[in-house]
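Residues per chain are reported as follows:
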Amino acid sequence: MGSLTDKYCIVGVGETPHMRPSNRTTLSMACEAVSKAVADAGLRLSDIDGMTSYQIGDSTTSPHVATALGMRLNYAVDILGGGSSGEALVAHAIGLIEAGYCKTMVIFRAMNGRSGRRMGGQTPGGPIPVAVAEGDAQFNMGWGWTTPAQRFGMSAMRYLRDTGCTTRAFAEIAVAHRYHASLNPKAIHRSPITIEDHQRSRWIVKPFRLLDCCQETDVSVAIVVTSRERAFDLRHPPVFIMGGYARTLTDSPQWNYSREEIHYVAGNYGWKRAFGMAGISHKDVDFISCYDAFTFTTLIQLEANGFCGKGEAGEFVKGGRLQIDHELPSNLSGGHLSEGYTHGVQMVIENVRQLRHRADDACPGWAEGRHTYDRKAGCRQLRKADICCGMGWGWENMASCLILRGIAA
Amino acid sequence: MPAPIDYSKLRIVPDFDTAEWWAATKEHKYLVRRCPDCGHKWFPPIFPACARCGSLKTGWFETAGKGVIYSYVVVVQPIVGAFVGTAPYVVAIIELDDCREADGAVTRVAGVMLNDEPEIAIGLPCEVVYEETADPRIVMPRWRVCGAAPNAWRFAE
Ligand SMILES: [Zn+2]
Numbered sequence: 000m001g002s003l004t005d006k007y008c009i010v011g012v013g014e015t016p017h018m019r020p021s022n023r024t025t026l027s028m029a030c031e032a033v034s035k036a037v038a039d040a041g042l043r044l045s046d047i048d049g050m051t052s053y054q055i056g057d058s059t060t061s062p063h064v065a066t067a068l069g070m071r072l073n074y075a076v077d078i079l080g081g082g083s084s085g086e087a088l089v090a091h092a093i094g095l096i097e098a099g100y101c102k103t104m105v106i107f108r109a110m111n112g113r114s115g116r117r118m119g120g121q122t123p124g125g126p127i128p129v130a131v132a133e134g135d136a137q138f139n140m141g142w143g144w145t146t147p148a149q150r151f152g153m154s155a156m157r158y159l160r161d162t163g164c165t166t167r168a169f170a171e172i173a174v175a176h177r178y179h180a181s182l183n184p185k186a187i188h189r190s191p192i193t194i195e196d197h198q199r200s201r202w203i204v205k206p207f208r209l210l211d212c213c214q215e216t217d218v219s220v221a222i223v224v225t226s227r228e229r230a231f232d233l234r235h236p237p238v239f240i241m242g243g244y245a246r247t248l249t250d251s252p253q254w255n256y257s258r259e260e261i262h263y264v265a266g267n268y269g270w271k272r273a274f275g276m277a278g279i280s281h282k283d284v285d286f287i288s289c290y291d292a293f294t295f296t297t298l299i300q301l302e303a304n305g306f307c308g309k310g311e312a313g314e315f316v317k318g319g320r321l322q323i324d325h326e327l328p329s330n331l332s333g334g335h336l337s338e339g340y341t342h343g344v345q346m347v348i349e350n351v352r353q354l355r356h357r358a359d360d361a362c363p364g365w366a367e368g369r370h371t372y373d374r375k376a377g378c379r380q381l382r383k384a385d386i387c388c389g390m391g392w393g394w395e396n397m398a399s400c401l402i403l404r405g406i407a408a
Numbered sequence: 000m001p002a003p004i005d006y007s008k009l010r011i012v013p014d015f016d017t018a019e020w021w022a023a024t025k026e027h028k029y030l031v032r033r034c035p036d037c038g039h040k041w042f043p044p045i046f047p048a049c050a051r052c053g054s055l056k057t058g059w060f061e062t063a064g065k066g067v068i069y070s071y072v073v074v075v076q077p078i079v080g081a082f083v084g085t086a087p088y089v090v091a092i093i094e095l096d097d098c099r100e101a102d103g104a105v106t107r108v109a110g111v112m113l114n115d116e117p118e119i120a121i122g123l124p125c126e127v128v129y130e131e132t133a134d135p136r137i138v139m140p141r142w143r144v145c146g147a148a149p150n151a152w153r154f155a156e
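Those protein sequences? They're chains A and B, same order as listed. Residue numbering for the first sequence follows numbering that gives the first Met the number 0, starting at 0 and increasing by one per position. Residue numbering for the second sequence follows numbering that gives the first Met the number 0, starting at 0 and increasing by one per position.
Treat the hints as calculated values from the structure; they're not laboratory data. Careful, some of the hints might be misleading.
What the hints assert, rightly or not - Sample of chain B residues with no beta-carbon within 12 Å of chain A, all distances over it, derived:
1. 25
2. 26
3. 38
4. 57
5. 58
6. 63
7. 118
8. 126
9. 145
Stated by the list, open to error - Derived Cβ-Cβ restraints for the label pairs, each shown as a range:
10. B:7 x A:79: 30 to 36 Å
11. A:128 x B:149: 40 to 46 Å
12. A:281 x B:75: 34 to 40 Å
13. B:53 x A:326: 43 to 49 Å
14. A:115 x B:52: 40 to 46 Å
15. A:202 x B:7: 23 to 29 Å
16. A:191 x B:124: 41 to 47 Å
17. A:79 x B:46: 34 to 40 Å
18. B:14 x A:311: 18 to 24 Å
19. A:165 x B:56: 42 to 48 Å
20. B:102 x A:326: 39 to 45 Å
21. B:75 x A:324: 43 to 49 Å
22. B:101 x A:228: 55 to 61 Å
23. A:6 x B:54: 42 to 48 Å
From the three backbone atoms N, C-alpha and C, an ideal C-beta is built for every residue, glycine too.
Hey, can you work out the whole structure from these sequences and the hints?
What follows is the structure, given as structure tokens:
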């Protein structure tokens with residue numbers, strides 16, 4: 000990004016409650032999330048002239064949302080994509096605004112991820128009664144090997160063997176993100192858990208237990224991106240986009256099992272560019288977000304993005320390092336593991352709120368940035384939240400990153 | 000040994016790129032793709048090009064169907080109905096013995112093991128076994144452990 004660093008900002012965020020089921024259409028939820036994000040920015044719908052979203056054939060589209068809300072757009076494109084797409088669409092927004100195609104863009108994701116199309120392919124009633132294995136699925140569904148948990152489990156198992164790490168490292172991530180969810184009134188699961196709770200939870204697919212897996216929810220999320228010049232006039236202090244990488248891609252171990260090392264994931268190829276653009280080092284990062292479809296996906300991204308050495312993540316997360324008030328707080332809203340599942344964007348939203356110093360927690364003055372920092376009283380705002388690194392994951396082969404800073408950094 | 004897979008609940012649909020592969024399994028042959036131009040091998044055959052040289056010509060290589068377990072998962076909560084009675088079952092990635100290339104490239108395949116979890120470990124040798132299904136057009140390759148290894152690694156939690 001170089002000269003574009005800090006030239007673009009995230010100025011608005013919004014979401015619907017995590018529900019299961021929502022009993023709503025994705026169009027209905029998307030309209031609410033978009034409206035909230037635009038209002039959060041202090042803008043009117045008529046100020047937005049670009050809209051984009053990502054989906055996997057499970058959502059409404061930008062033209063539908065714009066029609067519903069009476070918005071006349073200069074740019075509306077929806078892409079196919081899952082995790083890591085939200086961060087990548089921020090990169091699209093920067094390019095489009097820079098090139099003059101539009102001025103202010105809203106990015107949304109809407110999904111009935113629990114009551115509608117589930118990531119694991121289950122029908123709402125349970126297992127797939129008669130499975131049709133065509134195309135790619137001939138070579139996984141035919142082997143009863145379909146869900147993200149079952150697929151990522153291969154990398155995780157080989158990782159455990161290659162590094163000597165144990166699933167107690169997975170537990171550290173489950174515990175940290177749950178603790179943060181306990182401080183988030185919006186989270187689906189708010190009761191704190193221990194490492195032993197994780198170790199005692201039932202197996203889903205070894206090496207993953209129930210508490211390694213995220214919470215499927217019905218939800219829509221939205222963020223607003225615009226240029227720095229416009230950002231300064233708006234409701235909140237701007238959050239600056241310092242750098243990132245967008246859907247860095249390598250060959251997929253899901254389809255090319257023959258990759259040299261199946262747990263050498265895409266982030267390894269991106270982080271030097273992201274940190275180079277941002278002009279910072281890992282030491283400058285106050286907190287992170289890290290796509291936690293599973294505990295393992297967070298673990299592996301820490302080392303893929305250079306926060307620790309290859310094979311060292313298990314050691315790195317020990318002793319609560321990822322918890323608030325420790326060295327590197329991760330997923331402060333509770334993430335996919337405990338807040339709910341949004342295919343990644345909720346982490347961007349939480350990061351923006353933290354960088355604004357306006358985490359929507361139990362503190363009565365949070366909307367004005369007044370926090371107690373008393374965790375027992377439900378405050379989840381970091382004292383120092385100047386720079387954040389957000390890491391998005393598609394599958395092992397696909398990753399995005401967004402390094403953001405608040406006004407203070 | 001895990002309970003049988005209920006193949007009446009699974010419909011495999013071979014296509015342009017894979018029909019010959021499924022036809023070969025009916026004859027108890029395990030094929031991987033082989034590039035006629037540079038000799039690179041790959042799996043699964045859904046990929047219609049050589050990822051090493053870009054050639055669009057595709058050929059086949061008949062492997063001996065022997066390899067070593069590279070990784071595995073134990074499916075405890077099945078999602079595909081055909082496997083509900085089979086769980087817990089092990090799906091493994093197997094590195095084939097006879098597909099090693101001069102530049103270090105290997106070819107790995109995947110499949111359902113005939114062994115129960117306690118008999119499985121990364122590093123163990125295994126071989127393909129062909130299983131009839133409810134569909135006369137489809138024979139399913141499965142894998143079974145066929146020996147020991149000094150440095151095998153087992154998930155013991
Ligand atoms: Zn070739």
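So, going through the hints one by one against the coordinates:
1. 25: Nearest chain A Cβ is 14 Å from residue 25 of chain B, so the label holds.
2. 26: holds, 18 Å
3. 38: With a cut-off of 12 Å, residue 38 of chain B remains clear of chain A, as the shortest Cβ separation is near 14 Å.
4. 57: Non-interface label stands for residue 57 of chain B: nearest chain A Cβ at 15 Å, farther than 12 Å.
5. 58: holds, 17 Å
6. 63: holds, 17 Å
7. 118: holds, 14 Å
8. 126: holds, 17 Å
9. 145: holds, 19 Å
10. B:7 x A:79: 30 to 36 Å: Taking Cβ atoms as reference, residue 7 of chain B and residue 79 of chain A lie about 33 Å apart, which means the hint holds.
11. A:128 x B:149: 40 to 46 Å: holds, 45 Å
12. A:281 x B:75: 34 to 40 Å: holds, 37 Å
13. B:53 x A:326: 43 to 49 Å: holds, 46 Å
14. A:115 x B:52: 40 to 46 Å: holds, 43 Å
15. A:202 x B:7: 23 to 29 Å: Holds, at about 27 Å.
16. A:191 x B:124: 41 to 47 Å: This hint holds: roughly 46 Å between Cβ atoms.
17. A:79 x B:46: 34 to 40 Å: violated, 19 Å
18. B:14 x A:311: 18 to 24 Å: Since residue 14 of chain B and residue 311 of chain A have Cβ atoms about 43 Å apart, the given range 18 to 24 Å is violated.
19. A:165 x B:56: 42 to 48 Å: Holds - the Cβ-Cβ distance for residue 165 of chain A and residue 56 of chain B, about 46 Å, lies within 42 to 48 Å.
20. B:102 x A:326: 39 to 45 Å: holds, 41 Å
21. B:75 x A:324: 43 to 49 Å: Given a distance of about 36 Å, which is not inside 43 to 49 Å, the answer is violated.
22. B:101 x A:228: 55 to 61 Å: For residue 101 of chain B and residue 228 of chain A the Cβ distance comes to about 57 Å; the hint holds.
23. A:6 x B:54: 42 to 48 Å: holds, 44 Å
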